[in-house]
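Number of protein chains: 2
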Amino acid sequence: MLSDKVINELAAIVGKAEILLAPEDMIAYSHDATMFSHKPEAVVRPANRDEVAAVVRIAARHRIPLTCRGAATCLSGGAVPLKGGIVLELTRMNRIHKIDPVNRIAVVEPGVITFDLIFRVAAEGLLYPPDPSSMKESTIGGNVAECAGGPKGVKYGITRNFVLGLEAVLADGSIVETGNDVDGDMCGPDWTMLFTGSEGTMAVITRISLRLVQLPQTKKTLLAIYDRLEDAALTVSKTMAGGIVPTTLEIMNDRTIVAVENYLKIGLPVNAGGLLLIEVDGVPSTVEENALKISEICRQCGATAVKIAQTAEEAEDLWRARRAIGAAFGRVAPSKFAEDSTVPRSLVPELVNRMLTIQEKYDVPVFICGHAGDGNMHPTILFDRRNKDQAERAEKALEELHFITLELGGTLSGEHGIGFAKAPFLRAEAGETGYQMGREVKTILDPSGIMNPGKMFFYEGKLH
Amino acid sequence: MLSDKVINELAAIVGKAEILLAPEDMIAYSHDATMFSHKPEAVVRPANRDEVAAVVRIAARHRIPLTCRGAATCLSGGAVPLKGGIVLELTRMNRIHKIDPVNRIAVVEPGVITFDLIFRVAAEGLLYPPDPSSMKESTIGGNVAECAGGPKGVKYGITRNFVLGLEAVLADGSIVETGNDVDGDMCGPDWTMLFTGSEGTMAVITRISLRLVQLPQTKKTLLAIYDRLEDAALTVSKTMAGGIVPTTLEIMNDRTIVAVENYLKIGLPVNAGGLLLIEVDGVPSTVEENALKISEICRQCGATAVKIAQTAEEAEDLWRARRAIGAAFGRVAPSKFAEDSTVPRSLVPELVNRMLTIQEKYDVPVFICGHAGDGNMHPTILFDRRNKDQAERAEKALEELHFITLELGGTLSGEHGIGFAKAPFLRAEAGETGYQMGREVKTILDPSGIMNPGKMFFYEGKLH
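Line order of the protein sequences matches chains V and Z. Each residue of the first sequence is one higher than the one before, counting from 1 in my numbering. Each residue of the second sequence is one higher than the one before, counting from 1 in my numbering.
Derived by calculation from the structure, the hints in this document are not laboratory data. Hints are supplied without guarantee of correctness; some may be wrong.
No copy is singled out in the list; a pair is fine if it fits within one copy or between any two copies.
Unchecked claim - Calculated lysine-lysine pairs in the DSSO-like style (CA-CA distance at most 27 Å, straight line):
| hint | residue 1 | residue 2 |
| --- | --- | --- |
| 1 | Lys155 | Lys219 |
| 2 | Lys293 | Lys307 |
| 3 | Lys83 | Lys5 |
| 4 | Lys293 | Lys155 |
| 5 | Lys219 | Lys293 |
| 6 | Lys98 | Lys155 |
| 7 | Lys136 | Lys155 |
| 8 | Lys238 | Lys307 |
| 9 | Lys98 | Lys238 |
| 10 | Lys462 | Lys83 |
| 11 | Lys136 | Lys98 |
Chain V with its partners taken away, still in its complex shape (with noise of 0.2 Å):
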């Protein structure tokens, strides 16, 4: 517990009624969207950035563990706040302080719901194109923090292509801004980078400067079903290959399409051994040509259905299984590895070959449902923590698969983050002089290392 003498500072800051302490607090901020959980001492939420830097700079000074939060969607552990200590929820700073559709920007406050901003862009003819499933809840914040990704990455790139410039308090409590709302342009090294995707290990974000772009005049959803998945992964690397960018490319197999279909009850084909949903945005013409293009690839790599959607409503059903993927999935099975593995687009039929072998290998279901035309293919395992000789198969299983991954040439996060879960598997990727050079870039700017502790290049082991 934090001392009273901590607790009666932090309520001159933020005010006593924005400090959350009572157990059941603690307990629902003990989580983000993965199985592991660990409870903090206290939930700080401040509503400005003079707040953060006043809250961090106490942190600071009696080296309290402090870690950021926006709705903890997350889903590598990264809002859990492993070492207990502050959490800062920054929810209550969700001002949209700009959108300018001259130049392309909007700049909003880290706690802005990433759909609200969707919402609010497509209005003045612009889109934010960075949608991850969980938009209508997660932050912009958290987006940043973990680099989010999407279904329309294919095309238009995750969070990182989107984030011109920040505002962040570093953990001293000074206050530092990168980059700047020239569009793209800017001198030195990109220390927007650095900050994007450190998952509050590195400072706090205060304010985001994100680039917008034109809003596209219409768009064509397809869905392509396949008796066998190899052929739907063919169909990806086919279409890359072809000189066609789609804005979506979601792969699913046989086991995803039957648990959203068992949760939502839409029609899906549930005999089916894969399926793919595409989009394709622009003008008109291009449309129209390239939906046309994709169902002639589809059904050359052995789809045995293309349905365009006719209608808004016919799309938005269509869209509404792949974000139901999540919830369907808690019906399945009470734990899951929800993994963002991901490899070059031409390697897709490799991976999903590979999968199908793990699962058979470590008798554990392997779901897949992911951004398949960027290569991120979101296998998920799901099972049963509480059967241990289950859970240690699955275990396995997810070991065997990150190895596979950064085999292929690929990255273990597409866009989940490292956070806890996937930090053991860190060094892997990064290299033993690369990890060592995260660790003291890092210790520079946290040299107390009370930011997000744990985390990244600083786990240390095993949570149970």
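Got chain V; can you put chain Z on it based on the hints?
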């Protein structure tokens, strides 16, 4: 001079033929494309990464300054060996390891000439967009180190937006790999961005993975002529506000037009107050539509004539005029400040007005020739530094220009880098905390300060 002992150590690595020591060579390697110069003590030309690492270890052991160089077309002093020591010339490392059309990446050594890469990937139906005016001489390594831009930045972004991963040799000779070849996706902070734009102050880049895009099916070039430069500037903000993203949107003022025409004699409108050179690319129907829309906006903003190039030759003539600006300026005056002041694009008209005021106030000619669609205006002050009074006025004009750019929310450098030339103003842009952060991170990576000393965060004062 380096000792015989050091020279023998270096010769044992790269061979005697690849070490230059002659006085005339030291003069040749003392320059980049700025007017500043300082002689090195030796030029070393390694053939591969391992030779680079071995040379770096020798430099580290003896604390010898090490300045990397490609073609030295740098416009901010980045390749000038300010503290003498070794110039590491990387032009022998010019292999293209891989061009992969399915994953749309190229993996190259730093010494590859930018245009050679553009030419090679075009044969595969792909585009590497960054196109600095120096692209026929400059190397990819230099482009990455300085984070070069180019006319196509308006639509596609600058070099930073195309670097997926790097291999680099750190100041102790250890080798780090950052990022990967998975387009856009990656876990953790983007360490690649710590080295991109770091101008050789943090590491020697030895391999680069670049993102490529589909080669556009077609393009069109437009020339819009104005009586008043202000009207050309207004066209820029109106075009961007109109939701059209041209591939390039270049501006030239009257002085620039006359200088280029005197040099090339291709019939540019020498009586115009300003002109815009615009390119649109994409699928034919969209290109046609956007070209017409832009013509209309140009006329509404006061263009006296708008010409659409009818043949590839006509278009190439116009682009030749743009690329000849640097050479044309060389005939006007012996000294220049070639700046890349960049502001939010909505403020292009404001910056143009302020530049015209500066021109009058200090009685120095300001040549404007920028990537206006990016807000990157390239104000260039031409003078003769042997004329002390004129040189002083030019310096004062430059200083005021930098502070106006920052006041407008812009950046000192959209693409040329900080190097030595803009380092006196870096603190004003980065802020005190950001400046100290930069110094600390650089120091952690290069504790002895051997990597390109005297630049960026370690500027020590004017060169005379």
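These are the hints, each one checked on the structure:
Proximity of Lys155 to Lys219 under the C-alpha cut-off of 27 Å is found in both arrangements, the shortest distances being 13 Å within a copy and 21 Å between copies. Within a single copy, Lys293 and Lys307 get their C-alpha atoms as close as 13 Å, which meets the 27 Å cut-off; across copies the closest is 35 Å, which misses it. Only within a single protomer do Lys83 and Lys5 lie at most 27 Å apart by alpha-carbon distance; the minimum there is 20 Å, versus 53 Å between protomers. Taking the shortest Cα distances, Lys293 and Lys155 sit within 27 Å of each other both inside one copy (16 Å) and across copies (25 Å).
With identical chains, the CA atoms of Lys219 and Lys293 are at most 27 Å apart both within one copy (15 Å) and between copies (22 Å). Taking CA atoms no more than 27 Å apart as the test, Lys98 paired with Lys155 passes in both settings, with 25 Å inside one copy and 23 Å between copies. In this homomeric assembly, Lys136 and Lys155 come within 27 Å of each other (Cα to Cα) only inside a single copy, at 21 Å, whereas the closest approach across copies is 30 Å. For the homomeric pair Lys238 and Lys307, the shortest alpha-carbon distance inside one copy (19 Å) is at most 27 Å, but the shortest distance between copies (41 Å) is not.
In this assembly of identical chains, Lys98 and Lys238 lie within 27 Å of each other by CA distance solely across copies; the values are 19 Å between and 41 Å within a copy. With identical chains, the CA atoms of Lys462 and Lys83 are at most 27 Å apart within one copy only, with a shortest distance of 13 Å there and 49 Å across copies. Only within a single protomer do Lys136 and Lys98 lie at most 27 Å apart by alpha-carbon distance; the minimum there is 20 Å, versus 41 Å between protomers.
Going down the numbered hints, you'll see the structure goes against none, and every one checks out.
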